[in-house]
Amino acid sequence: MEEKIKELLKEVGRPYQMFNEDGTYQGCFYPVQFLYPKLKRFKLLTQDKEKSYLYAMKKLNKYCTPVSLDEVKTGDIIATKFRDILHVGIYFEYGKIIHVFKDNTLQIGRLKMFRTYQAFRVEKWD
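Numbers in the numbering used here are just positions in the sequence shown, counted from 1, shifted up by 25.
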């Protein structure tokens, strides 16, 4: 996992595309898809923000293991509701996350910028 995180950190500052070539949603899922390329991707079924949020959370709960916030470790997926839509990132270290945010680029942010969030672990990632 450590090597994959180092590779991901080399991508900081890189702009992202909203959708993958196959039509699946990428957006802020870019760091998740980078670290876990075999994790099932999904297509947005609606433009309704609340329905999209609930759908994405259902998929995270189905394909990942929820972990308590005091058990979060490097590589875990952090999910929050930001501006009424799902936002995800990868927990990095010392309260930091790697995520796509401002200016549509990959960057390092602080976890505490989000009021509430949930953590998920991908048990089998290679």
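Worth flagging that the hints you see were computed from the coordinates, not collected in a lab.
If you're wondering where the values come from, they're calculated on a predicted model, not measured in any experiment.
Just so it is clear, CB atoms sit at the ideal spot from N, CA and C, and this is done for glycine as well.
Hints are supplied without guarantee of correctness; some may be wrong.
Claimed, not checked - Pairs of lysine to aspartate or glutamate, EDC-like flavour, derived with a Cα cap of 20 Å: (1) Lys137 - Asp95; (2) Lys137 - Asp73; (3) Lys137 - Asp109; (4) Lys65 - Asp95.
Said to hold, decoys possible - What follows is a set of in silico ranges between Cβ atoms, one per label pair, in the way DEER data are often shown: (5) Tyr41 - Met138: 17 to 25 Å; (6) Glu32 - Lys98: 12 to 20 Å; (7) Glu148 - Asp73: 24 to 32 Å.
Verification of the hints:
1. For the proposed pair lysine 137 and aspartate 95, the alpha carbon gap of about 14 Å is at most 20 Å, so the pair holds.
2. Between lysine 137 and aspartate 73 the alpha-carbon distance is near 27 Å, which puts this suggested pair outside the 20 Å criterion.
3. Under the criterion of a C-alpha separation no larger than 20 Å, the hint pairing lysine 137 with aspartate 109 is consistent with the structure, at around 18 Å.
4. Under the criterion of a C-alpha separation no larger than 20 Å, the hint pairing lysine 65 with aspartate 95 is inconsistent with the structure, at around 26 Å.
5. The hinted window of 17 to 25 Å between tyrosine 41 and methionine 138 holds, with their beta carbons roughly 19 Å apart.
6. Between glutamate 32 and lysine 98 the C-beta distance comes to about 18 Å, which sits within the given range of 12 to 20 Å.
7. Here the CB-CB span from glutamate 148 to aspartate 73 is close to 31 Å, well matched to the stated 24 to 32 Å.
Of the numbered hints given earlier, the model fails hints 2, 4; all others are met.
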